[in-house]
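Position chain B against the provided structure of chain A, taking the given hints into account.
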Amino acid sequence: MFKRLIWLEWKSFFRSASMGKSIGLKILMIFLGIYFTVIFLLFGIGLYPLVEKYFPGEVPLFVVNKFVLLWLLAELAYRFLLQTLPVLNIKPLLILPIRKRKVVNFVLLKSLYSFFNFLPLMVIIPFGIFNIYKEQFATGPILAWMIGMTGLTFCVNYANFIIKKRFTENLKALIPVLVIVSCFAILDYFKIFEISVWFGKGLNEILFYPFIAIIPILLLFSLYLWNRKNLEGKFYLDATLKEQTKNINTREFLWTRKFGDIAPYLQQDLKLIWRNKRPKTSIYMSILFLGYGMFFYTQDTYQDLPWFFVFVGIFITGMFMINFGQFIPAWDSNYYPLIMAQNIPMNRYLTAKAGLITFSVVALAILATPYAYFGWRIFLLNIICAVYNIGVNIPILLYAGSFNRKRIDLDKSPFMNYQGAGAAQWLVGIPLMVIPVFLFWIFYKLISFESGMLFLFGLGVLGLFLRSRLIDSIAQIYKRNKYAMIEGFKQQGD
Amino acid sequence: MITATNLKKIYNGTTVLNIEHLDIPTGQSFGLVGNNGAGKTTFFSLLLDLIQPTTGNIFNNEITVSQSEAWKTFTSSFIDESFLIGYLTPEEYFYFIGDLRQQNKADVDALLVTFEDFFNGEILKKRKYLRDLSKGNQKKVGIVAALIGNPKVVILDEPFANLDPTTQIRLKKIIRELGTSRDTTFLISSHDLIHITEVCERIVVMDKGILVKDIITSEATLKELETYFSGGQTVEL
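If you're matching them up, the sequences are chains A and B in order. In terms of the UniProt record's numbering, the first sequence opens at residue 1 and continues consecutively. In terms of the UniProt record's numbering, the second sequence opens at residue 1 and continues consecutively.
No wet-lab data here; the hints were simulated from the structure. Incorrect hints may have been included.
These stretches of chain B come out as covered by chain A in the derived footprint (C-beta under 8 Å, 3 or more residues) [stated by the list, open to error]:
hint, segment
1, 86-94
2, 200-206
Facing chain A, from chain B, some residues (calculated, C-beta under 10 Å) [to be verified]:
hint, residue
3, Asp49
4, Phe83
5, Arg101
6, Ala106
7, Phe118
8, Asn120
9, Glu122
10, Leu124
11, Leu147
In this text, a Cβ means the ideal position worked out from N, Cα and C, and glycines have one as well.
Same shape as in the complex, but just chain A (with noise of 0.2 Å):
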């Protein structure tokens, strides 16, 4: 039976739609993928000699165990952004003769194939094979260590799942957990109970009585029975239908009146960010990424490099322009026939998405405020950024935008879904960036700071007076566009 349904999973991959189409996204996702192999891999090998040299006179092993909580934690939080349970599409299997325990065990054992599985054991084992070589302990309790390890790498697994079930439908109920992670974390950051300690001095026993690695399998084993149980209760056509209907949020962005003939479009947009789950995300990001400014502000190696902070301007005040903007109009792919037989004139619709944008820019601004705290010249190039970003970045989005073609189903997980995504995607990036921090670097080298926020201010006020003449041609090419527009939009399928 399990050779059947691998043959299954075999065909729907090879099958799928988006096979061979997006060649570039698979060359990059492998780069990334043996990018992080190496990395860990370097790290592994590394990890022995570093301890040695950091924390002389104790026994590496040791230290690296006093981490090992600390690092669960963050993959748990990684894996919680990140990965998800493999999907199999059960609903054809569920009138079949197969037994549900079959089907739940499959997808369950597959996610063992997981790359986030793979990553730690490129470090558990070359540290594990050093500790051997080096001969400190002996070769079977380093092996049990390793056992113990790996049970534990894949007990995050499990417990990933069992969270994400759990929680992502209600992320409130997140919150007592995350109370307690952060009074451990408190309570060991003052010394006053040092978790991560003793869960160290728990992972040494195993050193000295190696039987102690059969707990972490315990645990493994249990948290991948309480996994199964939770999803043979949900393999039912309805099961994941329940919690679709409870909450609807019928909010009506009434105010956006204000905007005139806009108005509608405007109020669809926000029920559009607001109701789904990969719009909804952008927002949370800009709003996160508002702190990057920290990184760089702060640093003396950055304050004589003003063109950098051009960068960092953008990204801050343009964050939510960027994620929602180069999907333009892939947002609205589900229903694109209706947008373009209804009576919706194509630079109305585009001037919606600019005004929405716009809305989205000045709000960041405002709240990047803050970093004046670092200097006038910092809080004035945020706001010059700002204006570039309105003025220039806006419309070659939208420009950008009518080379989308691929669907975007509004629901979908954002995290590492990269569905949606083409080479435009990818080369919109570079203009967006690189030309306002370029062309401010030749002002600034050639006369001054002053000039070259001058120059940017003076390119984003001129896109804002041509704004409605830029926005009629990109909707003449979005008309000249449509038809390979709307069949794109059609195709169905990651």
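Same frame as chain A, now just chain B:
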């Protein structure tokens, strides 16, 4: 109202639609029947400028649909679920369409009242998004939305499919009433010969992209269509 001349659509060398001339006068209820692949949806998509004709043109009220967008103000349509916005409630969707067609909330509400029967209490005030409605209920929403704002041309692709019997009967009544009381031109396609002969004044049969029959509906029409589709393709009555 609608004229197609020399209209051809060719995909990779296969002609899927070939209409030399078709004229649909204002106010006519025009029915399109044909087996799968006959070109009904292709014709509607061309009429809505969703795909490009290989040759020829369609004129909607003397406007070339692929040249100007002016026809959009008086034409409305429901082809498939890609005409629905899944994350809106039915009410919001109606008001949005109303906004696009210069109808305020009160106008839309007034129209919706007349469809209370048709909705059968399953659509309005249910606090559900369109994507969570059943296929049949989604269709009801799409059809009614296509009637907002007194359009002069209404295009419905297989409106009877997926509807329950009661709703089918109610829909027939609605189309007949609107067809006689207003100057609305209806274009409807269907696989159901009984329904289409009941609501359309004129029926055109398509086969592999070609118009093979053009009938003004009469008592004998249903019989004629049944004979045609039961395989007696060469038998002319």
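Minimum beta-carbon distance criterion (10 Å), B/Leu147 to chain A: violated, 14 Å
When the least beta-carbon distance from B/Leu124 to chain A is tested against 10 Å, hint result: Since chain A brings no Cβ nearer than about 13 Å to B/Leu124, farther than 10 Å, the hint is violated.
Per-stretch coverage check for the segment 86-94 of chain B, three Cβ contacts closer than 8 Å to chain A: holds (count 5)
Closest C-beta approach of B/Phe118 to chain A relative to 10 Å, hint status: Cβ of B/Phe118 sits 21 Å from chain A, so the hint is violated.
Hinted contact B/Asp49 with chain A - closest CB pair below 10 Å: holds, 7 Å
Whether chain A covers the segment 200-206 of chain B (at least 3 residues having a Cβ closer than 8 Å to its Cβ atoms): violated (count 0)
Chain A contact restraint for B/Glu122 - C-beta distance below 10 Å: violated, 14 Å
Proposed interface contact between B/Ala106 and chain A, which counts if any beta carbon pair is under 10 Å: Interface hint status for B/Ala106: violated (15 Å vs cutoff 10 Å).
Status of the B/Arg101 interface restraint (C-beta, 10 Å, chain A): With a minimum Cβ separation of about 6 Å from chain A (threshold 10 Å), the hint on B/Arg101 holds.
Interface hint compliance - B/Asn120 to chain A, C-beta minimum distance less than 10 Å: It is violated, given that the least Cβ distance between B/Asn120 and chain A is near 19 Å, above 10 Å.
Interface hint status, B/Phe83 versus chain A (Cβ within 10 Å): holds, 4 Å
Hint compliance for this structure: hints 2, 6, 7, 8, 9, 10, 11 are not met, and every other hint is.
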